[in-house]
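> As you go down the protein sequences, you meet chains A and B in turn.
Just so we're aligned, residue 93 is where the first sequence starts under the numbering used here, counting upward by one.
Just so we're aligned, residue 93 is where the second sequence starts under the numbering used here, counting upward by one.
Don't read these hints as lab results, they were simulated from the structure.
Among these hints, one or two may not hold up.
The list makes no distinction among identical chains, and a pair is therefore deemed to hold if it is satisfied within one copy or across any two copies.
To be verified - Subject to a maximum C-alpha distance of 25 Å in a straight line, what follows is the list of computed SDA-like cross-link-like pairs (lysine to any residue): (1) Lys732 with Leu721; (2) Lys169 with Glu289; (3) Lys726 with Leu736; (4) Lys430 with Gly445; (5) Lys732 with Val722; (6) Lys761 with Phe873; (7) Lys723 with Leu736; (8) Lys275 with Pro174; (9) Lys482 with Pro875; (10) Lys761 with Glu560; (11) Lys569 with Ala739; (12) Lys906 with Gly881; (13) Lys311 with Trp807.
Number of protein chains: 2
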Amino acid sequence: MKYVYVFEEGSKEQKYLLGGKGANLAEMTKLGLPVPPGFTITTEACNAYRAAGDELPDGLMNEVEVALRALETKIAKLLGDPVDPLLVSVRSGAPFSMPGMMDTVLNLGLNDVSVGGLATQTGNERFAFDSYRRFVQMFGKIVLDVDGELFEEALDDLREERGVATDPELSADDLRGLVETFKAIVAREAGVEFPQEPHEQLRYAIQAVFRSWNGDRAKLYRKMESIPDDLGTAVNVQTMVFGNKGDDSGTGVGFTRNPATGENNHYGDFLTNAQGEDVVAGIRVTEPLDSMGNHFPDCYQQLLAAFAMLENHYRDMCDIEFTIEQGRLFLLQTRVGKRTAAAALRMAVEMAGEGLINEREAVLRVQPGQLDQMLHPQFDPDAEYTTLAKGLNASPGAAVGRVYFTADDAQTRQEAGEKVLLVRPETSPDDLHGMIAAEGILTSRGGLVSHAAVVARGMGTPAICGAESVKIDLAAKLFRVGDTVVREGDVISINGSTGEIVIGEVPVVVPEPSGPFETLLGWADNYRRLKVRTNADLPEDARKALEFGAEGIGLCRTEHMFLGDRLPTVQRMILADTEAEETAALAELHALQRQDFVELLEAMDGLPVTVRLLDPPLHEFLPNVEELLVKQAKSGLDAKESQLLAAAEAWREVNPMLGTRGCRLGILKPGLYRMQVRALIEAAIERKLAGGDPKVEIMIPLVVSKAELALLVDWTREVAEATAADALGGVEYLVGTMIETPRAALTADEIAEVAEFFSFGTNDLTQMAFGFSRDDVEGRFMPEYLELGLLPANPFETLDQSGVGLLVRWAIEKGRSTRPDIKLGICGEHGGDPESVRFCHDVGLDYVSCSPYRVPIARLAAAHAALDADGQGSTA
Amino acid sequence: MKYVYVFEEGSKEQKYLLGGKGANLAEMTKLGLPVPPGFTITTEACNAYRAAGDELPDGLMNEVEVALRALETKIAKLLGDPVDPLLVSVRSGAPFSMPGMMDTVLNLGLNDVSVGGLATQTGNERFAFDSYRRFVQMFGKIVLDVDGELFEEALDDLREERGVATDPELSADDLRGLVETFKAIVAREAGVEFPQEPHEQLRYAIQAVFRSWNGDRAKLYRKMESIPDDLGTAVNVQTMVFGNKGDDSGTGVGFTRNPATGENNHYGDFLTNAQGEDVVAGIRVTEPLDSMGNHFPDCYQQLLAAFAMLENHYRDMCDIEFTIEQGRLFLLQTRVGKRTAAAALRMAVEMAGEGLINEREAVLRVQPGQLDQMLHPQFDPDAEYTTLAKGLNASPGAAVGRVYFTADDAQTRQEAGEKVLLVRPETSPDDLHGMIAAEGILTSRGGLVSHAAVVARGMGTPAICGAESVKIDLAAKLFRVGDTVVREGDVISINGSTGEIVIGEVPVVVPEPSGPFETLLGWADNYRRLKVRTNADLPEDARKALEFGAEGIGLCRTEHMFLGDRLPTVQRMILADTEAEETAALAELHALQRQDFVELLEAMDGLPVTVRLLDPPLHEFLPNVEELLVKQAKSGLDAKESQLLAAAEAWREVNPMLGTRGCRLGILKPGLYRMQVRALIEAAIERKLAGGDPKVEIMIPLVVSKAELALLVDWTREVAEATAADALGGVEYLVGTMIETPRAALTADEIAEVAEFFSFGTNDLTQMAFGFSRDDVEGRFMPEYLELGLLPANPFETLDQSGVGLLVRWAIEKGRSTRPDIKLGICGEHGGDPESVRFCHDVGLDYVSCSPYRVPIARLAAAHAALDADGQGSTA
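Kindly produce the complete structure, drawing on both the sequences and the hints.
See below:
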């Protein structure tokens with residue numbers, strides 16, 4: 093087993109063996125770029141170390157000595173040499189970038205003797221002792237686990253003693269003394285003397301890197317990111333170069349293209365006479381990369397040539413760290429650079445145009461999840477702000493406005509020209525006008541499927557829900573977070589993508605879907621197999637989704653047609669004492685629904701429209717029992733209110749999620765579904781007579797057995813045929829069901845005998861498979877569960893493949909066993925989640941359906957899934 | 093294909109071909125018993141008729157003619173003969189007794205001519221025309237679907253016209269005229285003349301029987317009883333004999349042993365000069381069978397000989413119908429007789445003692461479900477009463493008492509010596525003292541797992557829940573059902589086995605588990621493989637269950653130890669502002685729990701005791717939010733109440749069933765589970781030190797993933813080890829989990845890696861697989877679903893094998909794949925349901941656990957399952 097590779101031996105393909113950093117250093121070396129020489133200890137050495145119970149494997153240090161000897165020969169310096177010492181850096185480097193691990197030890201090789209050689213060679217005693225004290229400090233803190241504050245305090249004390257404000261004012265002698273202080277701290281705190289022997293220093297440092305692989309933070313990070321524990325980390329040992337040796341030295345970071353905009357022009361920051369960390373730390377004001385041409389024209393040209401070479405070689409935008417030591421350029425690191433969504437899109441499309449990559453590669457270069465940034469306003473990335481509180485990121489995008497606590501106030505103020513945010517404990521259908529008026533919505537209760545969240549996502553309005561630290565006092569028209577009070581009319585900013593709440597105005601940028609956006613999604617469409625539909629209840633939602641490329645409606649929730657000014661009619665139906673009253677109310681609703689459906693079918697003409705018959709329990713259309721009881725106790729109720737209270741009490745349930753809703757209600761109130769089917773079929777006939785091409789799919793929710801669905805399919809066909817006969821014309825339609833109870837999935841073979849399509853309602857399926865009520869768990873124990881690693885992800889955001897996914901796979905297999913050509917889709921929230929879309933592709937669904945604003949994401953995710961399945965490589 | 097069998101050709105084994113009635117008539121004929129001759133048309137003919145689209149199959153009527161010719165030859169009479177006509181009865185007879193089908197047409201063969209022959213032969217013109225008018229009436233109503241009321245009205249008119257009160261007062265001429273009237277009704281209503289041709293009459297009657305197989309009521313009955321539609325019915329054509337030809341004739345029904353008590357002595361009813369239906373109709377007062385010896389000594393001896401022969405031949409108690417025609421005995425039907433539970437037990441044990449059957453057969457002779465009758469008081473089977481209303485049969489048994497509407501009143505009046513029934517909208521832990529005081533409990537809300545139902549079953553107290561027609565007015569201390577008012581102190585009777593509510597006192601019989609009960613269950617224990625444990629929370633429940641033969645506790649619900657006078661301490665724990673307050677409250681609970689566990693382990697010494705850590709959500713320990721809100725609005729709250737309201741609001745959930753309960757709460761409040769584990773381990777150590785043999789199994793509820801369980805198992809072992817170390821002694825214990833979420837079942841392979849046992853919580857598993865909240869569905873749509881045949885059974889009573897059962901099977905297979913010796917049990921309500929116990933046996937569970945009063949049922953059901961699996965024949 094070979095554990096050590098000098099940079100000349102490796103290549104960028106060896107990421108798993110050499111870590112990302114080591115592989116790229118090797119690649120640059122191979123390309124002949126000026127990389128300070130060094131070597132990499134492999135990830136396999138790390139695994140051997142852990143397997144041996146935290147012991148360095150046999151032979152490792154021998155190999156390290158050999159590589160070190162070769163390095164010394166090449167540089168013509170010796171580690172620990174009292175005259176001209178070789179100094180090295182030691183850095184960890186895992187196959188994936190990973191916070192929480194030991195980062196970097198610089199200046200290794202310095203000791204009480206070699207510090208003198210460094211002083212002589214540089215002619216700068218102060219520099220030498222400053223380097224030494226930094227080394228002792230880093231080594232003590234990172235390798236020996238000494239509390240870093242102790243060193244900072246000692247430094248503070250010294251400055252105070254000397255009466256100076258900054259480090260550069262300290263003299264060489266001051267720093268010499270500080271080294272002694274630091275060594276004493278190490279000896280006291282770590283229980284060992286600071287090691288003077290450079291080879292011992294190196295061994296310590298290597299062990300520290302390996303040990304840090306199993307640190308708590310590193311383990312947690314790996315768990316969260318699903319990085320296997322057995323990848324291990326590599327260690328890079330590299331000759332030190334110094335950018336802080338004077339005005340003939342410098343350091344910087346550059347990108348081969350602009351990582352913010354994607355513009356094909358290099359971009360970066362530069363500092364004269366500085367170490368790399370100074371650029372990142374932001375202590376000094378950096379200069380733009382171009383200005384480097386003025387100070388170091390040769391190095392600059394050399395750097396640009398390296399940029400071109402690397403981008404061409406990596407076939408992607410590269411991020412490069414470099415240092416100039418006394419007029420000589422060194423490249424310290426490169427990797428494929430991170431970028432904004434806009435930049436990713438532009439680069440992918442332009443690189444394909446340049447022939448650097450092909451269209452497939454371009455499609456794979458943009459992460460589907462990134463597209464959200466392109467579709468909603470965002471806090472300006474450069475803005476600085478303090479987060480007051482956090483809630484659930486219920487609907488993406490940023491919004492700024494004045495706070496109002498009632499829907500009426502929000503609407504009135506918006507009509508008066510203000511930008512408003514609606515803040516409520518939770519929202520109900522009564523708040524709809526205020527929600528429409530608002531720039532954004534904030535609720536203190538409710539989860540990611542609360543009324544506020546669902547409606548906001550549908551409208552594309554930013555929203556934060558379940559912000560439990562926001563204590564709302566409706567009477568006083570204010571809310572409190574701790575001691576902070578926000579009153580009606582105060583301006584706040586919310587970021588629905590992250591759940592952040594900020595006092596005052598945070599600058600917002602509004603992205604415009606650009607040319608590259610359309611181009612790239614067009615390319616994506618060429619590769620995907622999955623169709624992408626949208627969840628839309630209103631014609632305007634449908635039109636928005638069409639703009640985004642939707643290929644039909646996968647879920648029209650008819651209950652949204654029962655709200656607003658129609659609520660009184662719905663209540664009349666519920667309260668009806670006689671069949672005649674019920675029939676009259678249903679007739680009114682019928683006329684309205686019919687018109688809704690006509691408009692929806694017109695908006696989606698020629699594309700399939702899946703209409704779900706009424707799903708929620710009736711009490712959702714009735715007032716809150718508690719409020720009425722309190723009112724009754726306080727001031728009494730009028731006759732109408734008493735009647736509503738009685739109905740609300742009669743229809744309320746202990747666990748409404750598992751109660752009388754969906755087709756259960758349909759069976760108990762047969763007139764309801766018949767009315768809906770008739771309205772829908774009549775609408776389709778009207779559209780057809782008008783020359784349209786309506787494609788109707790009738791979906792029956794919450795089925796648990798074949799018998800139940802068979803009964804409702806019979807009713808549906810009966811009504812549809814009667815309606816068509818009345819209208820002297822027929823339309824084609826499918827009748828199918830949601831698979832959203834575990835039992836429906838388990839008995840899918842029987843159910844498929846009477847269902848022409850399945851649409852997986854993975855929201856409810858997840859709720860029932862886990863026994864998680866979204867309204868209750870997302871605010872309460874989900875955060876704790878995710879933090880403790882008890883769940884790999886929020887299963888309502890990313891489909892749980894090992895549990896819920898098993899039910900989906902089972903249902904597909906069983907459903908096809910009795911109806912081989914059954915149409916299969918998904919209409920849960922997962923339809924817009926990239927990882928879940930990949931699952932849908934893998935298991936062979938025909939389509940996914942998601943909210944309008946997630947349609948582009950689903951299109952791109954579907955293309956990624958298809959390309960990956962084609963062996964086009966992972967996008968991870 | 094042979095469609096017609098004369099009685100001499102068949103046997104009792106041919107139930108599926110000849111129907112039950114036909115097979116037994118053939119068997120009696122073969123035994124040489126005096127059966128009026130006849131023949132049976134097979135069930136296959138019925139199926140052929142249906143397959144041909146309701147056409148009699150080719151050749152059938154030819155076979156019928158041949159059989160009829162043989163019959164005519166044997167009897168020496170001809171069908172339709174004007175001088176001495178043969179008359180036959182036509183009866184349906186399916187493989188299983190089945191209401192809703194065409195029953196019987198008597199006197200077939202009479203027409204305008206042959207009626208004269210009958211008159212001549214019997215010398216009784218009145219008898220002849222009465223027989224003829226009865227035939228026309230039956231034929232019109234049953235075969236030709238004429239409304240039976242029309243005939244009754246014509247008869248009424250005639251009586252009025254003649255000025256007589258009863259039929260016997262009508263003359264032969266009157267009846268002759270009535271025949272004409274009836275024929276006219278038939279012609280008008282059915283659109284066909286009443287057929288004079290006897291062969292045509294017979295063909296009509298056969299078709300009517302076949303047609304009735306597919307009548308709505310018959311289909312519904314088959315659906316409810318899971319009888320396949322393709323069994324078909326047979327038709328029996330048999331020579332008429334008349335028990336009403338004078339005082340030398342008679343009719344009766346007898347049993348070879350007493351069907352009520354099981355006593356080994358014949359039993360029955362007898363009437364002189366009567367038709368069979370007169371015995372059943374109860375128009376005349378019957379004589380006991382013994383008295384027949386006085387009137388018909390020879391026939392009586394002949395009958396007793398037949399009883400002995402049949403019981404010996406069928407090796408079981410038989411039920412026999414017979415007629416004496418002019419001094420001659422005929423047996424018209426026999427079958428294995430129905431019996432009460434007590435009779436079934438006594439007969440089985442005595443017949444085994446007599447050597448008539450063996451012990452295995454004896455065990456199979458008693459239906460497990462019947463045992464309920466032996467364990468609870470019952471309405472006297474002879475009592476007559478009118479049912480006022482019905483609710484859910486929440487806890488079996490009958491109770492009579494005075495109605496009280498508060499727990500306090502119930503307790504006070506009971507202490508004053510009254511027998512009381514507690515009537516509440518629903519019950520809560522606050523009502524416990526009233527529930528204990530009550531003979532029975534009635535609630536107008538709540539399902540079969542409501543608080544009232546669960547507690548009542550545990551205590552063995554009869555209860556009816558969810559009686560929605562019972563409108564309670566707590567303020568006025570009364571309830572209404574329709575217009576009927578029942579006030580405080582009024583006496584009512586309830587039957588918790590059927591859900592019937594009756595005004596006044598219904599006589600109640602209190603069975604005593606008898607010698608045969610113990611004997612038979614002892615035999616059953618020899619055959620079963622499944623262990624039977626009990627669900628018990630209190631030592632007295634455990635002792636009761638031990639009496640009934642329980643072999644351990646499968647579920648101790650620790651939450652029941654958090655109620656009553658401990659509630660304030662639990663509330664202090666929930667309300668705790670500081671960790672110190674929480675710790676103090678937990679310490680108090682710890683001391684109490686420890687003592688609970690000591691007593692429970694003592695009661696079950698040497699047998700396994702599975703203790704479930706706290707399962708319900710915390711708000712169940714807090715007062716009702718609504719009541720507090722109303723009180724707040726009315727009169728304000730004190731500081732303590734305000735605090736409780738805030739806590740209750742903080743902990744309340746939209747869907748508590750899917751919320752923060754079980755191990756989720758355990759993870760959020762780590763002190764709680766640690767306290768419970770410590771109390772339990774300490775209790776076990778105390779028992780061991782006292783010389784006991786505690787066997788502890790710690791069960792963690794509501795797990796959804798391996799990670800979750802692994803964390804809690806770690807905590808548990810940590811606490812257990814620390815506790816054992818403190819006590820200088822260890823105890824052995826298992827740690828396992830409930831499988832009650834679908835996801836736990838789906839990922840059982842992973843979960844079994846950290847669980848030493850699985851206990852299937854099929855209540856919750858059913859709730860989540862179906863998406864049925866018991867509290868909401870059992871009162872609301874379950875009745876409708878069962879009536880419509882959308883569910884084969886209430887899945888909370890009988891395990892749903894095709895859905896929930898699939899999850900159980902999957903979990904067993906997966907669980908064993910990673911832990912082959914995993915211990916498997918069930919602790920849902922299904923553990924006491926015979927059909928579900930059979931499933932548990934079939935899938936290979938180690939034990940079932942059920943409430944104490946169902947332990948005997950489970951023991952017998954487990955034996956049935958094992959014997960059936962052994963090929964000992966079905967008990968159906």
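> One pair to classify: Lys275 and Pro174, alpha carbons no more than 25 Å apart. Within, between, both, or neither?
within (19 Å within a copy, 134 Å between copies)
> For the identical chains here, do Lys726 and Leu736 meet the 25 Å Cα criterion within one copy, between copies, both, or neither?
both (17 Å within a copy, 21 Å between copies)
> Can you tell me if Lys569 and Ala739 fall within 25 Å by alpha carbon in one copy, between copies, both or neither?
between (31 Å within a copy, 23 Å between copies)
> Evaluate Lys482 and Pro875 at a C-alpha cut-off of 25 Å and name the case that applies: within, between, both or neither.
Close inside one copy (12 Å), not across copies (47 Å); limit 25 Å.
> Between the shortest in-copy and the shortest cross-copy C-alpha distance, which are at most 25 Å for Lys311 and Trp807: within, between, both, or neither?
between (57 Å within a copy, 20 Å between copies)
> With identical chains, the pair Lys169 and Glu289 could be close in the same copy or across copies; at 25 Å between alpha carbons, which is it: within, between, both, or neither?
Answer is within; shortest intra-copy Cα gap is 16 Å, inter-copy 128 Å.
> Quick one: Lys430 to Gly445, C-alpha cut-off 25 Å, is that within a copy, between copies, both, or neither?
Only inside one copy: Lys430 and Gly445 sit 21 Å apart there, 88 Å across copies, limit 25 Å.
> Treating 25 Å as the Cα threshold, decide for Lys906 and Gly881: within, between, both or neither.
Between copies only: 23 Å across, 33 Å inside.
> Classify it for me, Lys723 with Leu736: is the Cα-Cα distance of at most 25 Å met within a copy, between copies, both or neither?
For Lys723 and Leu736, the Cα distance is within 25 Å both inside one copy (13 Å) and across copies (21 Å).
> From the Cα coordinates, with 25 Å as the cut-off, is the pair Lys732 and Val722 best called within, between, both, or neither?
both (16 Å within a copy, 20 Å between copies)
> Are the CA atoms of Lys732 and Leu721 at most 25 Å apart within a copy, between copies, both, or neither?
both (14 Å within a copy, 22 Å between copies)
> Are the CA atoms of Lys761 and Glu560 at most 25 Å apart within a copy, between copies, both, or neither?
between (38 Å within a copy, 18 Å between copies)
Going down the numbered hints, you'll see the structure goes against none, and every one checks out.
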